[in-house]
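Asker: Here is what each chain is made of, one letter per residue.
Number of protein chains: 2
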Amino acid sequence: MDVKGTPLSEIGLYGLMNRYQQKAGSKQSSTIIGMGDDSAVIAPAGEYQLMTSLLFLEGIHFDLIYTPLKHLGYKSVVAVASDLLAMNGKPGHLSISLGLGNKMMLEMVDELMDGILGACERYQIDIVGFKPTSSLTGLSISLTITGSVQKSELVTRSGGKATDVICVSGDLGSAFMGLQLLEREKRVLKASGDVKPEFGNSDYVLERQLRPEAKIWVLESFKKLKIKPTAMIHVKDGLSAALLLLCKASNSGCRIHEKKIPLHQITLKVALELNFNPLIAALNGGEDYELLFSLSLTDYEKVMNELPEQITAIGYLTEREKGCRIFSSGDQEIEIQAQGWKD
Amino acid sequence: MDVKGTPLSEIGLYGLMNRYQQKAGSKQSSTIIGMGDDSAVIAPAGEYQLMTSLLFLEGIHFDLIYTPLKHLGYKSVVAVASDLLAMNGKPGHLSISLGLGNKMMLEMVDELMDGILGACERYQIDIVGFKPTSSLTGLSISLTITGSVQKSELVTRSGGKATDVICVSGDLGSAFMGLQLLEREKRVLKASGDVKPEFGNSDYVLERQLRPEAKIWVLESFKKLKIKPTAMIHVKDGLSAALLLLCKASNSGCRIHEKKIPLHQITLKVALELNFNPLIAALNGGEDYELLFSLSLTDYEKVMNELPEQITAIGYLTEREKGCRIFSSGDQEIEIQAQGWKD
Chain B
1 MDVKGTPLSE IGLYGLMNRY QQKAGSKQSS TIIGMGDDSA VIAPAGEYQL MTSLLFLEGI
61 HFDLIYTPLK HLGYKSVVAV ASDLLAMNGK PGHLSISLGL GNKMMLEMVD ELMDGILGAC
121 ERYQIDIVGF KPTSSLTGLS ISLTITGSVQ KSELVTRSGG KATDVICVSG DLGSAFMGLQ
181 LLEREKRVLK ASGDVKPEFG NSDYVLERQL RPEAKIWVLE SFKKLKIKPT AMIHVKDGLS
241 AALLLLCKAS NSGCRIHEKK IPLHQITLKV ALELNFNPLI AALNGGEDYE LLFSLSLTDY
301 EKVMNELPEQ ITAIGYLTER EKGCRIFSSG DQEIEIQAQG WKD
Chain C
1 MDVKGTPLSE IGLYGLMNRY QQKAGSKQSS TIIGMGDDSA VIAPAGEYQL MTSLLFLEGI
61 HFDLIYTPLK HLGYKSVVAV ASDLLAMNGK PGHLSISLGL GNKMMLEMVD ELMDGILGAC
121 ERYQIDIVGF KPTSSLTGLS ISLTITGSVQ KSELVTRSGG KATDVICVSG DLGSAFMGLQ
181 LLEREKRVLK ASGDVKPEFG NSDYVLERQL RPEAKIWVLE SFKKLKIKPT AMIHVKDGLS
241 AALLLLCKAS NSGCRIHEKK IPLHQITLKV ALELNFNPLI AALNGGEDYE LLFSLSLTDY
301 EKVMNELPEQ ITAIGYLTER EKGCRIFSSG DQEIEIQAQG WKD
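So the protein lines, in turn, are chains B and C. Number 343 marks the last residue of the first sequence (our numbering); no jumps. Number 343 marks the last residue of the second sequence (our numbering); no jumps.
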């Protein structure tokens, strides 16, 4: 990590706030007051307001040895916005608090904020709060996003019914395999000094780990097809956790076909290279930022007619008593389990 | 700090989330979905929605050696809610993220959450998000609060005009003197081993530091008197910073009478004891959580007739070119300055 640059003490707390206030333009007509007062003032855009937060801590959620700050900024917005997408909502306004250690130079905060601003531009989000503070330790990124949804469009985790088809967008486990690859290269770098990392043609999993996108296209597809999932959740801590949470909220069980879980070919290649089971990456890895949802049979048919490549049916909901299980490739039924203390 | 107790790994991430979801009842009819889904769902209560965040970091914003976790939880809610009060708004919904180091036991999280829940009960705030995560270092508390205000009731920092009277609620510098007292006792304890701290009859400043209240009574008084400040700001980093920010936003200057700055008699007593200038505590100390506001002359008279003890006029706004100055006790004019990198 480059620690040369302009110390933050030179620009000062208020200087830093002014700097990004100028860079953050307003895209939302609902923003009455953005940064610069005691609180943001927003005119409600939809019938319901959505709000969710995340806290990204150095050493827990990211490693600055291999994470470019710009990507980190972008990814943190994607992560928090994905929670709103899982309600079928539209992200609108972002509030940022940063804990900045003494190794952070102005140029580094600029890079991080460039990533955040880039994601806000991409997803049409207004930054309405920016509070930097000093930190004794590493970098802390705290984001809160609000958004809106019409009452009739709201999708929760709890509307799933037995026989609904369980679908997932994109593919799973790739971000986790990207992380494993970066961790391996970190060990190699440590052992061999400053050499250029060798990633081969594994860009896909690295991009999934370092610079994911929020799956707005899924919501746009629902709108286009005039359908609405019965329940939906954001896959951030692996498929197992997402399935258990959706089933619990919907008071259902589920049956998942292991063979149907979508794995990208590069994920399979890297998993083979690293001698790691790619299914474990999909089930218990994290940061895929895909959407898991249940569909009525009628809506499922519409989706499969239009998006057979982008959306995968992996199983179905059952009665609660039947539990949450996976059919393994050998057609055994295995209980789904998720790690408890993991974020 | 007591580190005995139940390790968090025993209850797990989801166990911890469920624990406080059960404890956090709903007081606001606008809460459609609180904790337990991907994001909170809120029905807008006023014409405008307010949102603000804070990040409290161990070692920067609090010292667990002398800060009871319950008080810390209460105070952090007061701190973030005060930003909404400064807009003349009503706090409504709180989202919490916690970074929990490995020294944190379940009982300690319970204490912290007891304080947070207590403040939410006191101020009628619903907890609509709770996300714990592990932390490599100390405790991180990230709070976001939303609230509402009618369009015609909104007060910003920017409406002040020359000749408006500048007023402040309560008294200033007391929380900072409380902090100095606690820091002295910490040094004494370190030197002498485990003896009981001696605070004499200085409870007032300790309470101001450890368990402040949000100044909702000020807003209630405005409503009762049917007045509205022309501009308002929350005094959290000392009077100087608050004055400069309000004046800048209102494109004004100001004249403040040093003699008028409200100092509590216990603040004066402790300042004398510690050989510290109490005015410096008021101007550059922090965490008073009082409200600073400007009033038209007519509204000022109404306030002084009703609340001569609780609200103090300390000066007036001027044209921008005249700068921001204090009349010292010797009737000299001194330029107001605030520390830049301070939070």
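Keep in mind the hints are simulated off the structure, nothing from the lab. Some hints could be false.
The list treats identical chains as interchangeable, and a pair is accepted whether it falls inside one copy or across any two copies.
[As the list claims (entries may be wrong)] The calculated BS3-like cross-link candidates involving lysine-lysine, where the alpha carbons are at most 25 Å apart (straight line), are:
| no. | residue 1 | residue 2 |
| --- | --- | --- |
| 1 | K4 | K236 |
| 2 | K259 | K4 |
| 3 | K269 | K248 |
| 4 | K151 | K27 |
| 5 | K23 | K248 |
| 6 | K248 | K131 |
| 7 | K223 | K322 |
| 8 | K23 | K161 |
| 9 | K186 | K224 |
| 10 | K151 | K70 |
| 11 | K131 | K4 |
| 12 | K103 | K223 |
| 13 | K186 | K228 |
Asker: Would you mind marking each hint as holding or not holding in the structure?
Answerer: Going through the hints against the structure:
no.	hint	result
1	K4 x K236	neither (34 Å within a copy, 32 Å between copies)
2	K259 x K4	neither (50 Å within a copy, 46 Å between copies)
3	K269 x K248	neither (34 Å within a copy, 59 Å between copies)
4	K151 x K27	both (24 Å within a copy, 21 Å between copies)
5	K23 x K248	between (43 Å within a copy, 19 Å between copies)
6	K248 x K131	between (37 Å within a copy, 18 Å between copies)
7	K223 x K322	neither (33 Å within a copy, 58 Å between copies)
8	K23 x K161	neither (47 Å within a copy, 28 Å between copies)
9	K186 x K224	neither (44 Å within a copy, 64 Å between copies)
10	K151 x K70	neither (36 Å within a copy, 37 Å between copies)
11	K131 x K4	within (23 Å within a copy, 35 Å between copies)
12	K103 x K223	neither (46 Å within a copy, 48 Å between copies)
13	K186 x K228	neither (43 Å within a copy, 59 Å between copies)
Checked against the numbered hints above, the structure breaks hints 1, 2, 3, 7, 8, 9, 10, 12 and 13 and satisfies the rest.
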